[in-house]
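Residue-level listing of the chains:
Protein chains: 2
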Amino acid sequence: MYDRNYFLAKAQENYPQLYYKKLNADISGCVMSNGESVLLDLGEHAVGRFSFSLDNVDRFIDAPTRLIIKFGEDLNEIHADFSQYQGGLSKTWLQEEVLNIDYPQTVEMPRRYSCRYIKITVEKTNAPVKLYGFCFTASTSADVSLLSPAQTSDSMLREIDTVATNTLKECMQTFFEDGPKRDRRLWIGDLRLEALADYYTFRQYEIIKRCLYLLAAGETDSLGFLSSFVYETPYFCSGHANIADYALLYVVSVCDYYEHTGDIGVVNDLLELCKVQLDSFEAVLDSRLIVTPQQGWFSFIDWCSGLKSLTALQGVYLYTLERFSGLLKSIGDASHKKYSSLLSKVRAASEEYLFDKESCAFINELDGYQLSVHSQVWMILGGVIAGERAKELLLSCLSDGEAKQPVTPYMRHYVAEAMLKLGMRDEAVQYLKKYWGGMIELGADTFWEAYVPENPEFSPYDDRMINSLCHAWSCTPSYFIRKYGL
Amino acid sequence: MYDRNYFLAKAQENYPQLYYKKLNADISGCVMSNGESVLLDLGEHAVGRFSFSLDNVDRFIDAPTRLIIKFGEDLNEIHADFSQYQGGLSKTWLQEEVLNIDYPQTVEMPRRYSCRYIKITVEKTNAPVKLYGFCFTASTSADVSLLSPAQTSDSMLREIDTVATNTLKECMQTFFEDGPKRDRRLWIGDLRLEALADYYTFRQYEIIKRCLYLLAAGETDSLGFLSSFVYETPYFCSGHANIADYALLYVVSVCDYYEHTGDIGVVNDLLELCKVQLDSFEAVLDSRLIVTPQQGWFSFIDWCSGLKSLTALQGVYLYTLERFSGLLKSIGDASHKKYSSLLSKVRAASEEYLFDKESCAFINELDGYQLSVHSQVWMILGGVIAGERAKELLLSCLSDGEAKQPVTPYMRHYVAEAMLKLGMRDEAVQYLKKYWGGMIELGADTFWEAYVPENPEFSPYDDRMINSLCHAWSCTPSYFIRKYGL
Numbered sequence: 004m005y006d007r008n009y010f011l012a013k014a015q016e017n018y019p020q021l022y023y024k025k026l027n028a029d030i031s032g033c034v035m036s037n038g039e040s041v042l043l044d045l046g047e048h049a050v051g052r053f054s055f056s057l058d059n060v061d062r063f064i065d066a067p068t069r070l071i072i073k074f075g076e077d078l079n080e081i082h083a084d085f086s087q088y089q090g091g092l093s094k095t096w097l098q099e100e101v102l103n104i105d106y107p108q109t110v111e112m113p114r115r116y117s118c119r120y121i122k123i124t125v126e127k128t129n130a131p132v133k134l135y136g137f138c139f140t141a142s143t144s145a146d147v148s149l150l151s152p153a154q155t156s157d158s159m160l161r162e163i164d165t166v167a168t169n170t171l172k173e174c175m176q177t178f179f180e181d182g183p184k185r186d187r188r189l190w191i192g193d194l195r196l197e198a199l200a201d202y203y204t205f206r207q208y209e210i211i212k213r214c215l216y217l218l219a220a221g222e223t224d225s226l227g228f229l230s231s232f233v234y235e236t237p238y239f240c241s242g243h244a245n246i247a248d249y250a251l252l253y254v255v256s257v258c259d260y261y262e263h264t265g266d267i268g269v270v271n272d273l274l275e276l277c278k279v280q281l282d283s284f285e286a287v288l289d290s291r292l293i294v295t296p297q298q299g300w301f302s303f304i305d306w307c308s309g310l311k312s313l314t315a316l317q318g319v320y321l322y323t324l325e326r327f328s329g330l331l332k333s334i335g336d337a338s339h340k341k342y343s344s345l346l347s348k349v350r351a352a353s354e355e356y357l358f359d360k361e362s363c364a365f366i367n368e369l370d371g372y373q374l375s376v377h378s379q380v381w382m383i384l385g386g387v388i389a390g391e392r393a394k395e396l397l398l399s400c401l402s403d404g405e406a407k408q409p410v411t412p413y414m415r416h417y418v419a420e421a422m423l424k425l426g427m428r429d430e431a432v433q434y435l436k437k438y439w440g441g442m443i444e445l446g447a448d449t450f451w452e453a454y455v456p457e458n459p460e461f462s463p464y465d466d467r468m469i470n471s472l473c474h475a476w477s478c479t480p481s482y483f484i485r486k487y488g489l
Numbered sequence: 004m005y006d007r008n009y010f011l012a013k014a015q016e017n018y019p020q021l022y023y024k025k026l027n028a029d030i031s032g033c034v035m036s037n038g039e040s041v042l043l044d045l046g047e048h049a050v051g052r053f054s055f056s057l058d059n060v061d062r063f064i065d066a067p068t069r070l071i072i073k074f075g076e077d078l079n080e081i082h083a084d085f086s087q088y089q090g091g092l093s094k095t096w097l098q099e100e101v102l103n104i105d106y107p108q109t110v111e112m113p114r115r116y117s118c119r120y121i122k123i124t125v126e127k128t129n130a131p132v133k134l135y136g137f138c139f140t141a142s143t144s145a146d147v148s149l150l151s152p153a154q155t156s157d158s159m160l161r162e163i164d165t166v167a168t169n170t171l172k173e174c175m176q177t178f179f180e181d182g183p184k185r186d187r188r189l190w191i192g193d194l195r196l197e198a199l200a201d202y203y204t205f206r207q208y209e210i211i212k213r214c215l216y217l218l219a220a221g222e223t224d225s226l227g228f229l230s231s232f233v234y235e236t237p238y239f240c241s242g243h244a245n246i247a248d249y250a251l252l253y254v255v256s257v258c259d260y261y262e263h264t265g266d267i268g269v270v271n272d273l274l275e276l277c278k279v280q281l282d283s284f285e286a287v288l289d290s291r292l293i294v295t296p297q298q299g300w301f302s303f304i305d306w307c308s309g310l311k312s313l314t315a316l317q318g319v320y321l322y323t324l325e326r327f328s329g330l331l332k333s334i335g336d337a338s339h340k341k342y343s344s345l346l347s348k349v350r351a352a353s354e355e356y357l358f359d360k361e362s363c364a365f366i367n368e369l370d371g372y373q374l375s376v377h378s379q380v381w382m383i384l385g386g387v388i389a390g391e392r393a394k395e396l397l398l399s400c401l402s403d404g405e406a407k408q409p410v411t412p413y414m415r416h417y418v419a420e421a422m423l424k425l426g427m428r429d430e431a432v433q434y435l436k437k438y439w440g441g442m443i444e445l446g447a448d449t450f451w452e453a454y455v456p457e458n459p460e461f462s463p464y465d466d467r468m469i470n471s472l473c474h475a476w477s478c479t480p481s482y483f484i485r486k487y488g489l
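Line order of the protein sequences matches chains A and B.
Following the working numbering, the residues of the first sequence are numbered contiguously, the last one being 489.
Following the working numbering, the residues of the second sequence are numbered contiguously, the last one being 489.
Please keep in mind that the hints were generated in silico from the structure rather than gathered at the bench.
There may be inaccurate statements among the hints.
Chain copies aren't distinguished; within one or between two, either way the pair holds.
Unchecked claim - Cross-link-like lysine-lysine pairs, in silico, PhoX-like; alpha carbons within 25 Å at most:
(1) 94 x 122
(2) 348 x 278
(3) 94 x 133
(4) 394 x 340
(5) 407 x 24
Bound conformation, chain A alone (with noise of 0.2 Å):
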């Protein structure tokens, strides 16, 4: 049986090396009093460290200084009232500090901060002061001398890869966390896409590892499924949510990593937690060969609002079953056959009893006969349908105003991962421009975690000021535009 302390033993073995770059504001210094503000911008996306001095002007500063220093990745973020957040997150995530300072001096603000934007109010001095010598240290795991550029003749998509870097980089720390400023964990959801971003970008192979393993050491539910994150700082720590199409991708990134690498010591290491995984979902199928539901929060698939995703469930085990026997196959293991021959079967059993004949799409009764992209995605992924069939059935449900569409960019990542698997080059570049440029027009810096073209203040957690502006899972169009030549 697998060993979770080995597991973290070896993703502790190495920590990657960070790389850190000073950024200095675009103002150098000013004075000021009782209740003004200053905006500065470091003209760039960073994530790390803020320091700053202060010091009296004409008269000893005396009582301390309160200052309150508020960072944006936006400058939305920097304009909001954080007093009237109505978010379902923690309202700690909003980056502002009430710092007060007792004398002059160089303040090194201890937390970790991600932004562009800092805006410093004097919230009660009694005498002007100067601030000056503002510092960000930025950090990452990306070593960016290693990115050569995109090979593109489209200059919008190499805009778009330019932010999607950024985007990488920028998550790029310690380990792939979801997102710098809100939610610095570790997701299944979000590596796979980060590591196939850096497999054509920063080519960072070990951080990628180290995510396998510290995964690798999550705890598994009362099904098997691996848990769909883990926190590695200050400690390791399992999260509580298992979610079985992350657990499923978890076994399709070991494939990636191995396609990339030909690690086979990392393979040996987790194939049979990933037998686990698979074999775990196979016992929630009913005797069809279609997954039944499940208690708590079995999905994800995407943050769509009243999405019925069992359907695209099916179909990430569909992708899953055929990377992992094709791995097996390319390894020589022979329980390759097993997994194949049920991709068969599953897949046959798909095409019977999800597909809806008289709305000619695919439809799950055990959802309420909701027709979404996602589940067509993810039959088109899973292989069910191809060809010119599933090119129909994806550009009609794409514009179908009834279907449920997909909200987040890691859902659009697969929607255009489908159109290149059914060679649709042309509207997959259409896709990226209109969704990623999207973001880049409304002024992105690095890709956001939630994007919804028609209501911009779109938010999964209903309040847009907690939105995480730089999201691993957005970071994918790098990949699309560096591995097809886009």
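Since the structure of chain A is already known, use the hints to place chain B on it.
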């Protein structure tokens, strides 16, 4: 001419050694949820830095935990609502921090606090947190191992002595601080009283020498008076008040220092500066040798609303002339004759022009015929009146409901000094017990900046929560008890 830079260099030659002591709170740890508070009691007043640890309980805290940490010298401060503060001094002196803690860690808070009680409120957490390892590292430059117990058979005086030496100890840091919570600067008036107590308790003469040099490095005003206070942290900075009674008491402090140490080098360094103080004062006398009112904050004497202080100031001048001419004589400086001759003449003039025969008290017509304890006390200390006549005058004024009464422990010190000068030991003991003992009855661990027995809520700044409850100028009962064997 004396050289301010030389004085500053002398002050910076030696920094006093700081002694550190780790204090644990009465609670070793607790589990806290959203909105809960815990009150820690260090068991004694302490000046220093606070650290504690935070950890997960069952679930990883995930989002940052926001704590509000409040430090109070007494429980009134802890229970006060700082948001309702209406006082005249900066609200930033109120000791409260908002801390965002990203993940389990030991938090070493960077600022210094002055407190006995610490209240920690969990403003927001996603999951219960464990707080533990509460540790307050207290500092002082007083070597408490050198302190012998007061030789008094009176248990209340013994208790007063303990609280007084604690007060002094807490104000002894790298220099004599006015108050470690608020007003962390060096004032002449406080230095003089702290030094007096120090000579009879910790006998830390080096810090007194430092303070004399630090003040000597301050800027003088157009009249020639020394700056009444200076800052030393993080760098030397001269204050911007030049109060005449403080300038005179600086000279007295030099006399005290020589009397206790015989350190002629320091006296030689500071002699010219001392002469300038007296000569500057002489220049503001009128032809009758009575001090004339000047612009600005010319005298302090006491925080007593509406006090007319010119007569008291005249007494401070006489008191200083007497001490300074004595010093000059003892070191063989020929100019002592000039000052002792002046002393006689000014004393005679004071009796002639300031004593009101009708009311049988010292009342200055320039001040609007106000009757105050302050005037009588300083005329006694200035040697204008003595013996039974002086005793009667003092006692009648102290019990006169119409007369201005002392407000601060600072002025009360000089009342007690006047009593002891007049041989009124019993009255002095009763005075100490009633006033300083009154603070102890109200729970004082250290003596306060301001205490008005009839109105314990009194604040010179219109809001008690800003008052300093450990204040240098309140520490002199130990001087009286030990010097006079009370």
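| field | Structure-inconsistent hints, enumerated in ascending order | value | Of the numbered hints given earlier, those the structure breaks are 4 and 5, listed in rising order.
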